[in-house]
Amino acid sequence: AQSVTQPDIHITVSEGASLELRCNYSYGATPYLFWYVQSPGQGLQLLLKYFSGDTLVQGIKGFEAEFKRSQSSFNLRKPSVHWSDAAEYFCAVGARVTNAGKSTFGDGTTLTVKP
Amino acid sequence: DAGVIQSPRHEVTEMGQEVTLRCKPISGHDYLFWYRQTMMRGLELLIYFNNNVPIDDSGMPEDRFSAKMPNASFSTLKIQPSEPRDSAVYFCASSTQGSTGELFFGEGSRLTVL
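Residue numbers (the numbering used here), protein chains in the order written: chain A, 1 to 115; chain B, 1 to 114.
Derived by calculation from the structure, the hints in this document are not laboratory data.
Source: prediction; values computed, not measured.
No false leads were slipped in.
With a straight-line Cα cutoff of 20 Å, these simulated SDA-like cross-link-like pairs (lysine to any residue) come out:
no., chain 1, residue 1, chain 2, residue 2
1, A, Lys49, B, Gly98
2, A, Lys49, B, His29
3, B, Lys24, A, Gly41
4, A, Lys49, B, Glu102
Turn these sequences into a full structure, and let the hints guide you.
Structure below.
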């Protein structure tokens, strides 16, 4: 069975500083990988996804993530954080087979941005 | 384009009452998912449909929970009778990319059972 670990429950960074949110997954093959963001009172919104090809994927709002098969990781990065990036971030992994069950979400990382 | 639409956004009810949550997926999406989010358990998949047919309901917590999708543009999640431990935010999501592809979430229905 697949699983996702987001080791950091809460991260605080200063506005303008760089950001890296960690995500490790467990899956027997190369999965689909996603990062979602959830602002307070809102649903989850897709930031970026990895299906195949280039292991460095670009997303919305200036975010990027790198798939590292050897480390089973898919860490999310942003070079300069804005106050509006304060939110909860979820990593998710899905199998590459139709109707292969559900995507698995991590427990989330809450990002606080200091002025 | 309209996103996933959920109603009501907020519901406060008393224990024992019936609760019905509604969802309109994005037009053309053939997968629909119901999730529940709580602080204690995080994001849990309750059930998902493909072409209006329930595929996996293993996440439905009890017989008190039921979900239907009578047509491609409407789904309901019903709790009868409701209990305080059902208090949570319930999200509907839709997709065109199979059961493990990109999900488009609604804004959620926050349920409080007193």
